[in-house]
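Engineer: Heads up: the protein sequence lines correspond to chains A and B, in order.
Numbers in my numbering are just positions in the first sequence, counted from 1, shifted up by 5.
Numbers in my numbering are just positions in the second sequence, counted from 1, shifted up by 14.
I should point out that these hints are in silico values taken from the structure, not numbers from a laboratory.
Misleading hints may appear alongside valid ones.
Distance condition first, Cα-Cα at most 27 Å in a straight line; then the derived DSSO-like pairs of lysine-lysine [stated by the list, open to error]:
(1) B:Lys-101 x B:Lys-75
(2) B:Lys-101 x B:Lys-39
(3) B:Lys-62 x B:Lys-75
(4) B:Lys-39 x B:Lys-49
(5) A:Lys-162 x B:Lys-101
(6) A:Lys-139 x B:Lys-276
(7) B:Lys-32 x B:Lys-49
(8) A:Lys-13 x B:Lys-62
(9) A:Lys-13 x A:Lys-162
(10) B:Lys-49 x B:Lys-59
(11) B:Lys-32 x B:Lys-103
(12) A:Lys-138 x B:Lys-39
(13) B:Lys-62 x A:Lys-138
(14) B:Lys-62 x B:Lys-49
(15) B:Lys-276 x B:Lys-203
(16) A:Lys-162 x A:Lys-193
(17) B:Lys-75 x A:Lys-139
What the simulated footprint calls covered on chain A by chain B, stretch by stretch (three residues with Cβ under 8 Å from a Cβ of chain B suffice, anywhere in the stretch; the number is not a length) [unchecked claim]:
(18) 48-60
(19) 217-229
Below, a sample of chain B positions facing chain A; criterion: calculated Cβ distance under 10 Å [to be verified]:
(20) Gly-30
(21) Lys-101
(22) Asp-142
(23) Glu-269
Beta carbons are placed, not taken as given, at the ideal position from N, Cα and C, and that holds for glycine.
Chain by chain, the residues run as shown.
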Amino acid sequence: MIEVRDLKKNFSGHPVLDGVSFQIEAGESVVIIGRSGGGKSVLLKLIIALIQPDSGAVFINGTDIVGLTERQLIQVRSQFGMVFQGAALFDSMTVAENVAFPLQRNGRHTQSETTRLVARTLDVVGLHGTEHKKPAELSGGMRKRVGLARAIIYEPKILLYDEPTTGLDPIVSDSIDNLMIRVRETLKVTSVVVTHDMRSARRVGQRILMLNDGRIHAGGTPDEIFNSTDPVVRQFIDGVADPEDILF
Amino acid sequence: MRLVWLCSPPQMNEFGQKWIIGGFKGLGQITLLAKDAVASCLTFKFVKRDLLFQIYSIGVKSQSVVLVTGAFTGMVLAAQTYFQFHKVKMDTATLAVVSVSMCSELGPVLTALMVAGRVGASMTEQIDALRTLATHPVDYLVVPRLMAALIALPILTTEAMAMGIVASYVVGVFLLGIDPAYAWWNMLKYSHDVDVQIGIVKAVVYGGIIALVGCYKGLSCSMGAEGVGRATTEAVVYASISILISNFFLTLVLEQIAVIFKL
C-alpha cells in the first residue's frame, strides 16, 4: 500500500534522509522511531507529499506521488488523515468547526449529517461537550484528540501520526495510545506513527522501523526491536547518551 | 566599525545580489500565486460561503476605519487648501480641489492602506493541515480573499470619497465660511466622471495587490510566533509600498488613457 523507495532529502546541504526504503501493507500499524532531528517527521511529510524529495519514489497504492502537482495530490491526499505534532487546529474555528472541516470541504454531507458525525466522532475521542470551545481553551492532550477526530471523521485509509504523545503526561499518553489502537481496529486503517516514546511504540506498533543517520537502521516486531542486541538500537531503547553528547 | 564592514565591496556585492535575487524570486512567486488564484476563480473551486465571510471581514469590518479616514482626510485637505487659496482669493475653488483629490488619489490610496493589514493569512502548520485535508490552500485561503478584496475595495473607496467630500463641505462652509453656492458650483464644474472612474480602477488594482501580497507573505511565512509576526508586518509594509509606487504609474497611465479616449 505504501512503498518508499530510496528516498533522499537534504536541507541546506545537510542530508536528512539518505536512501530510505520500506514497504507498509494495508491495515498494518508501523511505528518509526529515531532520534530528534533524525528525519522522522520529514519522512512522514514525504509520504503525504507535503514536501518533495531530492530523489527516490513514494508509491501509494501503486501510484508514484513524487512530482505530482498540488491539484493532482488532492485526490491522493483524500486517502490520508494526519495528526500533527502541535495538532494544527484552525485557531479561528471552534472544535466542532475544526472536526467538521473535511466534511464541509468535500460537500457530500448535509448540515444535519455533519452535526451528527461530528458529535459521534468527538464521542469516540472522548471529547463530548467540547463542540463550542476554541482550540486555545483546550489542553495539549485535548487538542491532539481534536486533531485525531478531524483526521478520522472522513474515514481515511491511511493515518499518519506525527509524535502524537510528545509533551503529554503518561496517563494522557496512554489514553492517546488506546485511542490509536481503537481507531486502527475499528476503521481498519493503515497507521504510520512517528515517535520517540518507546512505551507508545511498543503498544501501538505491529512493526517498528528505526531511522538512524538518514537510513532505516533496523526493523522488526516490537519484541524483536526491544530484544535487539544491536548497539545503536539498544542505546536508543535504553536512552543512553553518547559521552561526547554530554555537555556538562 | 560594523557599518564599514557592511559597506566593504565583497559584502555589499553579496548583500546586493541576495536582495536582487530575493526580490525577483518573490515577484515570480507572487505571479505564480496570481496565476493559480485566477485559474481557481475561473473554475469556481472556491466555496461561496468563504467568499461571503471574507467580504464581511475585509469590507464590513473596515467600514468605520475607512469612513473616519475619509472624513478627516477631506476635512484637513479642505482646511489646508482654503488657507492657501484664501491668500489669492480663490476660496470657492477649495471643494473642487478636495473633490478631485479625494476621487482620483486620496480616496483609493488611503482606503487601500487602511485595508492592507486586514487581508493576509498567516497559518504556518495549519497550511500543512489544510493540504492533508485535501484542500488546496489557494482555493481556501487566497481566492476568497482576492475576490473579496476586488469587490470590497471599490465600494470602500467610493464611501471614503463621498465621506471626504461631505466632510470637506461641512468644514469649508460651516467652519471656514466659504460661500456654499459657489463652492458647490465650482466642485461640479471641475470634478468629472473620469476622476471617480480612475479612483475605482485604482481601488480594484490595489485590492489585487493587497490580497496577493498578504496571502503570499502568509503562505510563505516561517514557523512560530516570530515568523507569523514578521510575515504580518512585511505584508503590510510591502503592500503599502506597492500601492504607493503603483499609484504614481497608474496615475500617469490612467490620465493618458482618459486623454486618448476623451473621457
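Engineer: Kindly indicate which numbered hints from before are broken by the structure, ordering the numbers from low to high.
Structural biologist: Numbers 1, 2, 5, 6, 8, 11, 12, 19, 20, 21, 23 - these are the hints that the structure violates, sorted from lowest upward.
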